[in-house]
Amino acid sequence: MKHSHLTFSIMMVLLALAPLTPLQTLTSAGTSAASVPFAPGQLIVGLMDGYTVEMLELPQGASISAEENDLQTLNAVLVNVPVGKEETYRNLLLQQAGVLYAEANFRVQALVVPNDPLWLPSSYTPDGQYAPQRIQAPSAWDITQGSSDIIIAVIDSGIDSTHPEFSGRLLPGYDYVEDDWIPQDRCGHGTHVAGIIAANSNNAYGIAGMDWNARILPVRVLDASCGGTISDLAEGLIFATDMGARVINLSVGTFIFSRLLEHATYYAYQHGAALFAAVGNNGSSFPLYPAAFSWVMAVGFTNQLDQRDPRSNTGAHLDVMAPGVDIISTTPMSGTLFYSTTNQFGLLSGSSMATAFASGAAGLLASQPGFDTPAKIYTALTSTALDLGTPGFDNNTGYGLIQVADALHSTPGGPPPTPPAATVEYDFLDSNRCSNITYQWRTIPHNWTGYPAGTFIPLFGDNVSTTITLPFTFNFGGNNYNNVTISSNGYLAFDGIGEAPNYTQATNFLIPLRNGGTTYGSDVFLAPFWDDLKVDPASLNPSAIYAATLGSAPNREFVVEWHRVPQFNVSSSALTFQAILRESSNQIIYQYKEMNGNVASSTIGLEYNDGYTGVQVAYNQFGAVKNHQAIHFYPYPAGNPRNVPPCQITTTANSAAKTILLTPFCLEIPSGLLPAAPDTTVRMSVFSYFPPAARQKDVPIGRYSEITLDPTPRPPLNPPPRVCYYYTAGDLIKAGGDPQNLFLAVFDSQTRLWERLPTSLDTANNRIIADVPHFSIFGVFAIPQPESLPVTGGKLR
Amino acid sequence: MKYLYPLFLFTLLLNACTAIPALQATPSSLPAPQEYHLTRTLEPSPVPSDTPLPTALPLPGDPEGAARTAFGSRLIEQISIPAINVLAPVVPVGWSPDPQDPLNTQWGTPRARVGWALNSALPDDPAGNVILFGHNNIDSSVFRHLYRLQPGDRIQLTTGRGQYTYQVNEVTILPVQDIEQERLIFSEYLHPTRAPRMTLISCWPPTDNTHRVIVVAYPQIIP
Numbered sequence: 001m002k003h004s005h006l007t008f009s010i011m012m013v014l015l016a017l018a019p020l021t022p023l024q025t026l027t028s029a030g031t032s033a034a035s036v037p038f039a040p041g042q043l044i045v046g047l048m049d050g051y052t053v054e055m056l057e058l059p060q061g062a063s064i065s066a067e068e069n070d071l072q073t074l075n076a077v078l079v080n081v082p083v084g085k086e087e088t089y090r091n092l093l094l095q096q097a098g099v100l101y102a103e104a105n106f107r108v109q110a111l112v113v114p115n116d117p118l119w120l121p122s123s124y125t126p127d128g129q130y131a132p133q134r135i136q137a138p139s140a141w142d143i144t145q146g147s148s149d150i151i152i153a154v155i156d157s158g159i160d161s162t163h164p165e166f167s168g169r170l171l172p173g174y175d176y177v178e179d180d181w182i183p184q185d186r187c188g189h190g191t192h193v194a195g196i197i198a199a200n201s202n203n204a205y206g207i208a209g210m211d212w213n214a215r216i217l218p219v220r221v222l223d224a225s226c227g228g229t230i231s232d233l234a235e236g237l238i239f240a241t242d243m244g245a246r247v248i249n250l251s252v253g254t255f256i257f258s259r260l261l262e263h264a265t266y267y268a269y270q271h272g273a274a275l276f277a278a279v280g281n282n283g284s285s286f287p288l289y290p291a292a293f294s295w296v297m298a299v300g301f302t303n304q305l306d307q308r309d310p311r312s313n314t315g316a317h318l319d320v321m322a323p324g325v326d327i328i329s330t331t332p333m334s335g336t337l338f339y340s341t342t343n344q345f346g347l348l349s350g351s352s353m354a355t356a357f358a359s360g361a362a363g364l365l366a367s368q369p370g371f372d373t374p375a376k377i378y379t380a381l382t383s384t385a386l387d388l389g390t391p392g393f394d395n396n397t398g399y400g401l402i403q404v405a406d407a408l409h410s411t412p413g414g415p416p417p418t419p420p421a422a423t424v425e426y427d428f429l430d431s432n433r434c435s436n437i438t439y440q441w442r443t444i445p446h447n448w449t450g451y452p453a454g455t456f457i458p459l460f461g462d463n464v465s466t467t468i469t470l471p472f473t474f475n476f477g478g479n480n481y482n483n484v485t486i487s488s489n490g491y492l493a494f495d496g497i498g499e500a501p502n503y504t505q506a507t508n509f510l511i512p513l514r515n516g517g518t519t520y521g522s523d524v525f526l527a528p529f530w531d532d533l534k535v536d537p538a539s540l541n542p543s544a545i546y547a548a549t550l551g552s553a554p555n556r557e558f559v560v561e562w563h564r565v566p567q568f569n570v571s572s573s574a575l576t577f578q579a580i581l582r583e584s585s586n587q588i589i590y591q592y593k594e595m596n597g598n599v600a601s602s603t604i605g606l607e608y609n610d611g612y613t614g615v616q617v618a619y620n621q622f623g624a625v626k627n628h629q630a631i632h633f634y635p636y637p638a639g640n641p642r643n644v645p646p647c648q649i650t651t652t653a654n655s656a657a658k659t660i661l662l663t664p665f666c667l668e669i670p671s672g673l674l675p676a677a678p679d680t681t682v683r684m685s686v687f688s689y690f691p692p693a694a695r696q697k698d699v700p701i702g703r704y705s706e707i708t709l710d711p712t713p714r715p716p717l718n719p720p721p722r723v724c725y726y727y728t729a730g731d732l733i734k735a736g737g738d739p740q741n742l743f744l745a746v747f748d749s750q751t752r753l754w755e756r757l758p759t760s761l762d763t764a765n766n767r768i769i770a771d772v773p774h775f776s777i778f779g780v781f782a783i784p785q786p787e788s789l790p791v792t793g794g795k796l797r
Numbered sequence: 001m002k003y004l005y006p007l008f009l010f011t012l013l014l015n016a017c018t019a020i021p022a023l024q025a026t027p028s029s030l031p032a033p034q035e036y037h038l039t040r041t042l043e044p045s046p047v048p049s050d051t052p053l054p055t056a057l058p059l060p061g062d063p064e065g066a067a068r069t070a071f072g073s074r075l076i077e078q079i080s081i082p083a084i085n086v087l088a089p090v091v092p093v094g095w096s097p098d099p100q101d102p103l104n105t106q107w108g109t110p111r112a113r114v115g116w117a118l119n120s121a122l123p124d125d126p127a128g129n130v131i132l133f134g135h136n137n138i139d140s141s142v143f144r145h146l147y148r149l150q151p152g153d154r155i156q157l158t159t160g161r162g163q164y165t166y167q168v169n170e171v172t173i174l175p176v177q178d179i180e181q182e183r184l185i186f187s188e189y190l191h192p193t194r195a196p197r198m199t200l201i202s203c204w205p206p207t208d209n210t211h212r213v214i215v216v217a218y219p220q221i222i223p
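Top to bottom, those sequences are chains A and B. Each residue of the first sequence is one higher than the one before, starting from 1 at the first, in my numbering. Each residue of the second sequence is one higher than the one before, starting from 1 at the first, in my numbering.
Rather than coming from a laboratory, the hints here were simulated on the basis of the structure. Mixed in with the good hints, there may be bad ones.
What the hints assert, rightly or not - Estimated spans, in silico, between C-beta atoms of each pair:
| # | chain 1 | residue 1 | chain 2 | residue 2 | range |
| --- | --- | --- | --- | --- | --- |
| 1 | B | R68 | A | D387 | 42 to 52 Å |
| 2 | B | P102 | A | D762 | 13 to 23 Å |
| 3 | B | P89 | A | D710 | 31 to 41 Å |
| 4 | B | R68 | A | A553 | 45 to 55 Å |
| 5 | B | P102 | A | T708 | 26 to 36 Å |
| 6 | B | P89 | A | K795 | 25 to 35 Å |
| 7 | A | S167 | B | R183 | 50 to 60 Å |
Note that the structure is a prediction, hence the values are computed from the model and not measured. Every residue, glycine too, gets a C-beta built ideally from N, C-alpha and C.
Model the full structure from these sequences, guided by the hints.
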């Protein structure tokens, strides 16, 4: 990454409109630049949900950067713009529909106090490494020396992989500065930080790291001048998270408030990584990012006497302190680098070093079973910290100096974990409503040989379940599964929790309801008909569960059939239904053959994402499923529009007036519009996704209907047919709470734009209505929210 | 850290805070843990059922009613900002066509209450921007002293399901220079976020509306 000598005088936090001015050359160790440099000719653009890079209409002169694409995880992209015109292009991009934010690619810096690094041969003495003793590391090592199952990511200037102190400990990392797989340190900072965290210990060589066993993931985002860009930092965070890092060390910072960085750090936190960031070294109380985000632990630094170093930044966002003055640690084996004037070992000071001690401590905590979420690790460190300065929390020293052994002894606790974000969502189509969804019963043999040699699932009686191996790996809710638990009570569980003495799954519940291992049972399941059912293969009127695999790879189907299964204590009932898992597409089908005696006491749907997310088709709803009905579930990536097949109907009309209803749309054909004979075929489909036109800022409600008539009446249509849409409370929320903000539009296939139709409102029936100028695709939109902030005051005289 | 923020930021913050005694953050006690139920989905089934919609009861046509129907007890009922003595009810506020320019819209007014932009996030959403605004001198002055907030001050939101504590991160006062600038740049504050955040908005100074005061707060994760 080139080092910019330009500065962006507009800080996002200020948004003041000053012209972009080239300022003084930034010395790499400089501390007095009155502005923050950024990568010249680059902007980071974040997109709203439903918008993709391809839809972005770039202003002339701008282009998508070929170099970065890992930001797609966060629906962001790096855009090249003419150097010196960053501000102009930022404003142009902000006017584009679908642009959530646009920001300069500011630079971040390693947070070392510039010092005169010394090689101290005496550093092998206890005096040389005072810091671990100040935070109880020796007694912590009596409890744990860490675990090789824990990955600690060091997002920094890379690591010198030839250093013996990292022998056998480094995972293959990535270099986002040079975009290759060799994150070699060319600044000296990353090697130093990594040594504090995890130098090989008890090896009669060099220093002892905090964590003796964790594996280190080197991610290089800082260049030879020890600076880097926010986009590289964000990519490093995504990479480290996706590689499974439980602890991420961020000894870097910027005063710039970046929405990309906000999102990237939260992505890591939400995926289970504890993040530690340096609070800064210039004595300021102004928030430094990423330390200032509440989901990132901000670490300040103390000296040999447990006193806050006056250079350590302050503020309410500061969380804990750790030693950071004259810290001995590893440096690259050869070469004179910016932060490495001595080879092998050297001294550095700053909140960078303190952050590394906290990260190493977190690695030890993470190796213990109770500390399984970032919040529990944070709470363990803050609640056991040695209080410094003003009693209790204070802005100078936070909760105090970390005490690792006390933290390890503490009871894991803290706020409940942040619910995981679902990576997959499901939409479903029902054959009772959509003529393109057909009921197609999968016939599987019924024999008494146990599965998999035969098809019989050996279950007998009430509240029984068994786990079998799937014929293929099935992805459900974003996770791959090779086993499934089949229950007599009409569901399939993927988390292994079926019927057991401890569980009470005979009682069906609303979806989703997270149980978290309590007696209510599974949190990852398919429920074709979850109710209190009973299997009795030995009775005169045998009921049983069968399973079989149909088709050939990669399009196999795994079918589980509940055959003539009665509801508990309802002897007259005999229910036959099946669940089908489809290989590759990971679609799910429920089919109902005979639902005799079906009373309104079942849950139909699916639940996943640890019980936080689900789709409920019906809950204790009378007549929810009928004989010969099929329900198809389609997965799609979460956060994206429901890009699944449309629901279609076909019907006929003639000169008589007719209203065709395919909820939530209707079509009113007036008398006299169509010929008396022959009949006109009307095809109507409803779908939820249509790529938004990039130039239009109206808010898509996500409901579309394509209507075709065969033969097509020629415009002008007289008398005009009318299309209507029944809106929901959720639609009103997208429309600012006022149904007047909703309108119908027709798609113009020539201009590829939506043409707004004069729309009238029928509040008594919760619908909007418009005359049809020609038949095409109709969509529902809302006038977007005002672009200005609300005005909350006036000039008082 | 190697770079100082621009000097004029100091000026702004000083403007906002002169003659105001420094307020010490007072850590409040942590609310009792709440059982978490994910209720992000507004409609229980992705495709509307065959329920005969034409006979359904009319939906409320006002923002508050629509939000109650859609979100129920998830709605924010009250905001408490001890540092500036604010304890106020919160009302969902939306937008309507501008009578002067029907293709554009204008925000509704929360009157004496604090308005929650009803398309913004709720406190129990896993991520997103909770946007609240209040008057500084017309209709009421509920957010008159918003500018006095300092980083670290706590803000509590109470919903029908529990209490959520946020911590102020930044207080920014922005001069309103012209409409175009506001439309382009300030509207970023109204955009959704991919991480949890709260944004409080009001006008400034107390006797005028030449500036906007924006408070960004993050949920408290460590008790």
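task = Quick one: which hint numbers does this structure break? Sort them smallest to largest.
result = Per hint list: single violation, 3.
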